[in-house]
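Asks: If you're matching them up, the sequences are chains A and B in order.
Taking my numbering, the leading residue of the first sequence gets 1, the next gets one more, and so forth.
Taking my numbering, the leading residue of the second sequence gets 1001, the next gets one more, and so forth.
No lab work stands behind these hints, which were simulated from the structure alone.
Wrong hints could be hidden among the right ones.
[What the hints assert, rightly or not] So these bits of chain B aren't anywhere near chain A, every CB distance computed over 10 Å: (1) Asn-1011; (2) Thr-1138; (3) Glu-1147.
[Said to hold, decoys possible] Quick list of in silico lysine-lysine cross-link-like pairs, DSS-like style, CA-CA up to 27 Å: (4) Lys-1085/B x Lys-2/A; (5) Lys-1126/B x Lys-2/A; (6) Lys-136/A x Lys-270/A; (7) Lys-176/A x Lys-147/A; (8) Lys-176/A x Lys-138/A.
[Unchecked claim] Among the chain A residues that face chain B by a calculated CB cut under 8 Å, a handful are: (9) Lys-2; (10) Gly-16; (11) Glu-308; (12) Leu-312; (13) Ala-314; (14) Leu-315; (15) Thr-318; (16) Ser-319; (17) Pro-395; (18) Ile-396.
Values in this document were obtained by computation on a predicted structure and should not be read as measured data.
All C-beta atoms, glycine included, are put in the ideal place defined by N, C-alpha and C.
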Amino acid sequence: MKIIDTFRYASDAATGNPLRTSLLILAMSIGVAAVVILTALGDGARRYVVGEFSAIGTNLVIVLPGRSETRGFNPANLITNTPRDLTLNDASALLRLVGVERVSPILVATTEINASGKLREAMLLGTNADYILVRKQKLALGRFLTKGDLGHGAAEVVLGAVIRREIFGTENPLGKTVRVGDRRLRVIGVLSEGGQGMGMTTDELLIVPVATAQAMLNTNTLFRIMVEARSREQIGEVKARVLKMLTQRHEGEEDVTVITQDAVLKTFDKILNVLTLGVAGIAAISLAVAGILVMNVMLVSVAQRTAEIGLLKALGATSASVRQLFMVEAVLLSLTGAVVGVGLGYLGAAILRSFYPTFPAYPPLWAVLAGLGTALFSGLVFGVMPARRAAQLDPIQALSKR
Amino acid sequence: MADAESLIALNGIERTFYLGDSQVHALRNVNLTISRGEYIAVMGPSGSGKSTLLNLIGLLDRPDAGTYQLEGRDVTTLVPDELAKVRSERIGFIFQSFHLVPRLTAAANIELPLTLAGIPAAERTKRVEQALKEYGLTDRAQHRPNELSGGQRQRVAIARATVQRPAVLLADEPTGNLDRVTGEEVVRLLEALNAQGMTLIVVTHDQALGARARRQIIMEDGNVLSDVIRAPDQAT
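Taking the hints into account, I'd like the entire structure generated from these sequences.
Replies: What follows is the structure, encoded as structure tokens:
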């Protein structure tokens, strides 16, 4: 029997019982659609988190004061393990390292802003002129902080978009004087709206020179130092050099933590990929159930078509052709279900995206292929038994039935 | 050794079924030689072994002992796939309940043996068309079995059985499900095929139908009770 005829006969047999066929296709498509939608969710979550984290800049190495390591209590810790603070001098030293493009010291505190008779709580961020380049943010108005000596703080401030709107409304704030804490600062710029990063919006920030912030807060420490490597390849070397330099500057004590954006990204990526895989695995169970359903339906079909199978044999069909006919039918049913399921899955993901536009719920290609493959595979595996049963039918008994 | 003229030569055929503990001897030491172009009626009460004999000649069943030569070739030793090929090319079956595939049209039912044999589509169409014309079914070609009358259904079944030009046509109660008039039509059709040289073996309960055959084999308890060839002058 020719392959094309086998396919035609099998598809005729499948469409000959539309209710049975459509129910089976529905079951299979729900399984595949579940895989597609759930992996779209999982992968969407991964992309969302990775995207958020990438938004803080590129090729970043971040220095935190203190060891992020838990140690047992030891009397020696009392003497040796008091972490030294990060200072502006540390930041200036890092800028001289090979492979470092930019350095941004960061100091954060809550404060109040007072202008035009309005008072508001706001987040104070002390940093330098390079910050806007490191964090890849944009200005809506004016200019950013003045370049110059880190230790010399000018009396100037850049406003977040929300602060500007709430204090000044539609008025032009450039050149105006605002009171922040106990200082009077001149507004030199406004950040554009929608800046994101590390779960924090930039819309409610007041950005001032780091020395000014230190003076306002009466401190000489830093919250973070952000170091931008020249290229992605140099991140590892820069991290090692930063750690070495700071250890030297801190009298041989390794009392800072250096993390790379890359490492954090990779960790998130890994965790969320495992999550997606797990979710896909759960969805695959429904595919296995659909596969068993294929077997059940095919067994019933063999029982119903006993006389037909006997006839085929009497007309000269070999056992192999009979087996092929039923295998092809099982595979056609599963494959149609799988294709419908992929369609449903993409539709479901599109609906999700239309409800939550910021959430990138796109089904990953590997999941779609795996869904299709599993459906095909289960059709093959669960089609074998019914097809063998059909092929082994005794034609005499099969024909005498009816 | 059977002579070259004989189409079917059965020698010492035994067939025993086991039903639980009891043995049923469906065929006991059956010896039979059938020549090309014969018209044979196999008669006998239920359980006499006539259907088993037909299945055996049709290669759907195998004997437990004895030899069966079809066109001079020993077919008792063939493997299942070879048997399927012989069935496909040399044997045509006609059943009491027609056994048409309900979801296929009359044309597709007739085409089925050709499809199974792997014959190219263009030639299949040509041969099916010819068969439809020969059996007066051209205007029924696209009808499904449930849209056909009993006589038409059996005509489709006969067309299907003969589309491969088999050497022998085996009919099991071909008129059993038909009324007298359509039954008569179907028998005439079969006899016309026989007149063209096709060997025809009919299994039947119907004495009147059996009496029309030139050679009558009567079976009982798995034995051939009588095997009578009518004198040619008595034939009509």
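Asks: Next, verify each hint and record whether it holds.
Replies: Each hint tested on the structure:
no.: 1; hint: Asn-1011; result: 22 Å, holds
no.: 2; hint: Thr-1138; result: 22 Å, holds
no.: 3; hint: Glu-1147; result: 15 Å, holds
no.: 4; hint: Lys-1085/B x Lys-2/A; result: 15 Å, holds
no.: 5; hint: Lys-1126/B x Lys-2/A; result: 18 Å, holds
no.: 6; hint: Lys-136/A x Lys-270/A; result: 26 Å, holds
no.: 7; hint: Lys-176/A x Lys-147/A; result: 21 Å, holds
no.: 8; hint: Lys-176/A x Lys-138/A; result: 21 Å, holds
no.: 9; hint: Lys-2; result: 5 Å, holds
no.: 10; hint: Gly-16; result: 4 Å, holds
no.: 11; hint: Glu-308; result: 6 Å, holds
no.: 12; hint: Leu-312; result: 7 Å, holds
no.: 13; hint: Ala-314; result: 5 Å, holds
no.: 14; hint: Leu-315; result: 5 Å, holds
no.: 15; hint: Thr-318; result: 4 Å, holds
no.: 16; hint: Ser-319; result: 6 Å, holds
no.: 17; hint: Pro-395; result: 5 Å, holds
no.: 18; hint: Ile-396; result: 5 Å, holds
Every hint from the earlier list agrees with this structure, and none is contradicted.
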